[in-house]
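Q: Based on the hints, put chains B and C with the ligands in the right spot on chain A.
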Amino acid sequence: MALVELAGVGKSYNRGAANEVVALRRIDLQVAAGEMLCIQGPSGSGKSTLLAIIACILPPSCGRAVLAGHKIARLPEHFRTRYRRQYVGFVFQNFALIDHLSLLENITLPLLPLGLPPRRREELAEPLLHRFALDHRRSFPAGRLSGGELQRAAIARALINDPPLLVADEPTAHLDSRLTGTVLDLLAGLKREGKTLILSSHDPLVSGHPAIDRVVTVRDGMIVNIAAGGG
Amino acid sequence: MQPMHPIHSFGRIQNILDYALSGLRRKLLKNGTVFAVFALVVFLFASFQLTNRALGELAGRILAAAPDITVQQLQAGRQVGIASDSRQVLQAIFGVRRVDERIWGYYFEPTSGANYTVVGLAASAIPASTSKENSWPGPEAAAIAGGDGSSGRVLLSPGVRRHMGLGERQFFSLYRPDLSLVTFEAVADFPPESDLVTADTILMSLADARDLFAIPAGEVTDLLVTVGNPREIDTIAGKIRELLPGVRVVTRNQILKSYEVVFGWRSGLGNLLLLTALVTFTILAWDKATGLSAEDLREMAILKVLGWQTADLILLRLFESVLVAGGAFAGGYLLAWCHLLYADGLLFRPIFLGWSVLRPTFPLVPSLAGTDLLAVLAISVFPYLCATAVPAWRAAVVPADSVL
Amino acid sequence: MLLNPWAIVLLVTAGGSLFLVGGSLRTAVRVLRHWQPGSDSARQIDLENQTWLAALLVEYGLILQLVSLFLLLLAADNFSRVLVGAMCATGAFLANPYGIPALFMKMAGLFFSGYWLVAHRLDLSSEHLPLTRAKFVALLLLAPLVAVDSGLTAAYLLNLSPEIITSCCGVLFAPGGAADGYNLLEPMAAPLLLSLFYGLGGLLFAVGLFLFRRPPQPPGRGSLLADIAFACGQLLFFSLSLVVITVVISPYVYAMPNHRCPFDLLAGEYGHIGYPLYLSLLATCFAGSSAAVAAVCRHLPGLAGPAFRYRRAALRFSLVMLPLFLLIASWSPAFYLLAGGER
Ligand SMILES: Nc1ncnc2c1ncn2[C@@H]1O[C@H](COP(=O)(O)OP(=O)(O)OP(=O)(O)O)[C@@H](O)[C@H]1O
Ligand SMILES: [Mg+2]
Chain A
385 MALVELAGVG KSYNRGAANE VVALRRIDLQ VAAGEMLCIQ GPSGSGKSTL
435 LAIIACILPP SCGRAVLAGH KIARLPEHFR TRYRRQYVGF VFQNFALIDH
485 LSLLENITLP LLPLGLPPRR REELAEPLLH RFALDHRRSF PAGRLSGGEL
535 QRAAIARALI NDPPLLVADE PTAHLDSRLT GTVLDLLAGL KREGKTLILS
585 SHDPLVSGHP AIDRVVTVRD GMIVNIAAGG G
Chain B
1306 MQPMHPIHSF GRIQNILDYA LSGLRRKLLK NGTVFAVFAL VVFLFASFQL
1356 TNRALGELAG RILAAAPDIT VQQLQAGRQV GIASDSRQVL QAIFGVRRVD
1406 ERIWGYYFEP TSGANYTVVG LAASAIPAST SKENSWPGPE AAAIAGGDGS
1456 SGRVLLSPGV RRHMGLGERQ FFSLYRPDLS LVTFEAVADF PPESDLVTAD
1506 TILMSLADAR DLFAIPAGEV TDLLVTVGNP REIDTIAGKI RELLPGVRVV
1556 TRNQILKSYE VVFGWRSGLG NLLLLTALVT FTILAWDKAT GLSAEDLREM
1606 AILKVLGWQT ADLILLRLFE SVLVAGGAFA GGYLLAWCHL LYADGLLFRP
1656 IFLGWSVLRP TFPLVPSLAG TDLLAVLAIS VFPYLCATAV PAWRAAVVPA
1706 DSVL
Chain C
349 MLLNPWAIVL LVTAGGSLFL VGGSLRTAVR VLRHWQPGSD SARQIDLENQ
399 TWLAALLVEY GLILQLVSLF LLLLAADNFS RVLVGAMCAT GAFLANPYGI
449 PALFMKMAGL FFSGYWLVAH RLDLSSEHLP LTRAKFVALL LLAPLVAVDS
499 GLTAAYLLNL SPEIITSCCG VLFAPGGAAD GYNLLEPMAA PLLLSLFYGL
549 GGLLFAVGLF LFRRPPQPPG RGSLLADIAF ACGQLLFFSL SLVVITVVIS
599 PYVYAMPNHR CPFDLLAGEY GHIGYPLYLS LLATCFAGSS AAVAAVCRHL
649 PGLAGPAFRY RRAALRFSLV MLPLFLLIAS WSPAFYLLAG GER
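Chains as they are written, first to last, in my numbering: chain A, 385 to 615; chain B, 1306 to 1709; chain C, 349 to 691.
Honestly, the hints are just simulated from the structure, not real lab data.
Treat the hints with care, as some may be off.
[Claimed, not checked] Restraint ranges, calculated between C-beta atoms of paired labels, are given here:
#: 1; chain 1: B; residue 1: S1327; chain 2: C; residue 2: R391; range: 30 to 38 Å
#: 2; chain 1: A; residue 1: G453; chain 2: C; residue 2: H382; range: 28 to 36 Å
#: 3; chain 1: B; residue 1: E1362; chain 2: C; residue 2: L380; range: 52 to 60 Å
#: 4; chain 1: B; residue 1: A1599; chain 2: C; residue 2: H382; range: 26 to 34 Å
#: 5; chain 1: C; residue 1: P605; chain 2: B; residue 2: V1487; range: 29 to 37 Å
#: 6; chain 1: A; residue 1: G428; chain 2: B; residue 2: D1601; range: 22 to 30 Å
[Said to hold, decoys possible] Covered stretches of chain C (chain A as the covering partner; in silico rule of three or more C-beta atoms under 8 Å from a C-beta of chain A):
#: 7; segment: 382 to 388
#: 8; segment: 471 to 477
[As the list claims (entries may be wrong)] Beyond 12 Å from chain A on every Cβ pair, some chain C residues (computed):
#: 9; residue: V377
#: 10; residue: I393
#: 11; residue: F459
#: 12; residue: V496
#: 13; residue: A502
#: 14; residue: A537
#: 15; residue: L542
#: 16; residue: P564
#: 17; residue: E617
#: 18; residue: A652
#: 19; residue: R657
Using N, Cα and C, we set each Cβ at its ideal position, and we do this for glycine too.
Chain A extracted, bound-state conformation (with noise of 0.2 Å):
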């Protein structure tokens, strides 16, 4: 059974209001489960607002979309904010760190209204941390970190409630091309154990790893082709 399912999915923002943009136009979509996903497209192409449909972090404005069973197309925010704690797990474009906190802080923030206490929540950083070679910089306040860095605690803190679907908005896009393949080996070995993953570049490097199973350009707001990627 499809993880994601998307049917006719459109999106505008500020609906109703005069500065209304159409960002998203009828998407169809179906991601698998265990499947990784690359959509690229050009720059305002709508590839973050899809993403964050996924993710549950804003509503569609028309059509179907189902997450792991559940409809998430009309739903108050406050259930879809339950849902994106339970199945996803998101990677902002700009890392989206707070630069005040330490990185351990950072990475146990959405443990934090689940009422987890710090000793669990540490207990369940420390393989994320030692995972992705963190350790040493657990309480490096998060502004004092490299873009390397940044990118892997930003994984770590979104696979920290070890959510099924990993949605990765650009991960590379400020890294350069070594950095670039180790990320994305990062996140072939998380394809590896099963996670689902979808993610959205215009770095042909992203589009040409073998590990992605498809391709998904988007254009205007349209899906414009479907190829099978390196995978």
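A: Here is chains B and C with the ligands on its own, set in the frame of chain A:
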């Protein structure tokens, strides 16, 4: 599929509280000013309230020892001696249990510049000590009794003893109006607990007081009426007015209520002024709370994407307000407490000054009353929380996608 | 009397309540005009956000209502020391015709905002937000309630004057004092009141237990009526209890046959017994009657589960608090009768 981690509601509150605390610590300067101003407002309110209550309790204690009805003779609108014979008239009223005579007055001692209150009572009239603080000492009082005659024995307050420089000595002398000397023997001191009431008092027998002030026989300063049933006090007071024209009849209740009214009015006026300060402060707080920086908004949006609910974020902002307000409340109240205890309510004493005619000097003792705390809380913290509710909400509903 | 510090405190809290409810009223009007569930239009998103604000304000309002009820009792106690003839809070409340209505209005506001929040919680637990419209219609009703309450409080304080002579509980509730027409509760004899009190209490416990034990019923008129009848019974029990506490139970607490006052129970001289007594009564009756709110909503989309769970929890809570209340209420009289004298 079940959520991986069920929500622990207690842990959630704890975590959000922790997060709020660390946020406050980081923005120390901004929150510090709000805190300081708020604490000042609470301090003003609380000092006011505590001073008021301390004075009220003082009055209550002193008046608790007061007789049910006091009868004084007026002549041309001034108080003069009342004939002892009126006693019989009062005694005859149905419902009156006892009538006692009292002679009292001020004795000015030029050497120390002190004004003592001399009270002369017949031995039988000295009330047995009802509770530790409020009344005359019972057992020692017997010592001054010399039947109804003159005994020369007195009770002193430790304060008077100190002022006179008596030390351990027992005998001292006072002047009659004609400057002849009377010698007294201080047989005992009032217990320190009764200091509030007896701070400047010399208690002696009626005959001795008459002798000291040279008051003619058959006259006393006032008559003290004890009534069997407290509910009948007002009725009996009315009868006395009819029977003895030209006297002033004062019931204990009248004294108490007039004090309450005066206190209430004065403190209300003060509160009104303070309320203005509070309003100003609330505007300041509103201003501070609404002026969310772009960085704050970004943080809220990130938290939202990471799975924080709007309710969590509202709770976070609420905790920030509660911590500031609660801390300032505790700090301000404590400060007010010290102000009263160590500075004797320096700032607000003048407002209540009318009171000091009754007793020239008195120490103020703050007392912790839950109701007062609640009142100050209601007037300071609640308006602040109401004012911050809207900014808190505004921060919490920042759209999650604004950070993408 | 407006300058009395307690009066100022009361006016400030009344102002706070008005501000809170006024704020949520604005939202209510907008929601009722423009609410479009499922839409993602800019306006709808804004409205959804505003519903959070309204709920937050009502939550604050509820707390404020509870505190101001409490403050009103304390203030009346304080006024009684200033007013001629008043020896306890009863006298202070009777000093003008607005005191008692203000008190009852506050209680009504407390119950109403409590029900509102129950409905709000239920509404949030369904994806379809089925109660939103109803919730905001109810808010339009809550607002005048709070406004009237604030108005009555202000009128009470405004007309309170130390010169006016008022009467006291001793006069008011004294047996045999009917001559001056002041005796409100004389006609009801104590045995009758007591049997009604314990009878209704026992009945409510039995019915509550039955409703609690019963497996989930298909939505139908019969079971709904049972829940509503139970809620009405709870509210009746609330009023009856206030009367019984005043007339029958309080003299035993004071150990004075003619001192009948519902307010002095809160005083320290009597071990603050009034607090557990009234709070357990409030808890019982509110929880018990709020189960009906859940029962009314359970046929709405997505609410069957949450409504059933809430109703069960509320009934359980009510069933625990009811015996506790009866125990506290019976303590002083029972002790008096068994030990044959004062504590
Ligand atoms: N919050 C918003 N309000 C209004 N319009 C928006 C908003 N976010 C995005 N848009 C518009 O929606 C369209 C799609 O934007 P989106 O961010 O999804 O594109 P993108 O493919 O991610 O671009 P980029 O590669 O630059 O990140 C753009 O025209 C953009 O201007
Ligand atoms: Mg983008």
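Q: Hint by hint, note whether the structure agrees.
A: Hint by hint, here is what the structure shows:
1. Hint check: B/S1327 to C/R391, Cβ distance near 37 Å, so the stated range 30 to 38 Å holds.
2. Restraint check, A/G453 to C/H382: a C-beta distance of roughly 32 Å satisfies the suggested window 28 to 36 Å.
3. Separation of B/E1362 from C/L380 is about 54 Å and conforms to the stated range, judged on CB atoms against 52 to 60 Å.
4. Take B/A1599 and C/H382: their Cβ atoms lie about 29 Å apart, and the range 26 to 34 Å holds.
5. For C/P605 and B/V1487, the hinted distance range of 29 to 37 Å is not satisfied, since their beta carbons lie about 54 Å from each other.
6. The beta-carbon spacing between A/G428 and B/D1601, approximately 28 Å, falls within the hinted interval of 22 to 30 Å.
7. With 4 residues carrying a beta carbon less than 8 Å from a beta carbon of chain A, the segment 382 to 388 of chain C meets the three-residue requirement, and the given coverage holds.
8. Counting residues of the segment 471 to 477 of chain C whose beta carbon lies closer than 8 Å to any beta carbon of chain A gives 3, which meets the minimum of three for the stated coverage.
9. For C/V377, the shortest C-beta to C-beta distance to chain A comes to about 19 Å, beyond the 12 Å cut-off, and the non-interface label holds.
10. Distance check on C/I393: its Cβ comes as close as 8 Å (rounded) to a Cβ of chain A, failing to clear the 12 Å threshold; non-interface status is violated.
11. C/F459, annotated as away from the interface, keeps every beta carbon of chain A farther than 12 Å; the closest lies near 27 Å.
12. The claim that C/V496 lies off the interface holds: its Cβ sits roughly 33 Å from the closest Cβ of chain A, which is beyond the 12 Å cut-off.
13. Every Cβ of chain A is farther than 12 Å from the Cβ of C/A502; the closest lies at roughly 38 Å, confirming the non-interface assignment.
14. The claim that C/A537 is not at the interface with chain A holds, since no C-beta of that chain comes within 12 Å of its own (minimum 55 Å).
15. Distance check on C/L542: its Cβ is at least 47 Å (rounded) from any Cβ of chain A, clearing the 12 Å threshold; non-interface status holds.
16. At roughly 23 Å from the closest C-beta of chain A, the C-beta of C/P564 stays outside 12 Å, upholding its exclusion from the interface.
17. Every CB of chain A is more than 12 Å from the CB of C/E617 (nearest about 44 Å), matching its label as outside the interface.
18. No Cβ of chain A approaches the Cβ of C/A652 within 12 Å, the least distance being about 17 Å, so the stated non-interface status holds.
19. Residue placement check: C/R657 keeps its beta carbon more than 12 Å from all beta carbons of chain A (closest about 17 Å).
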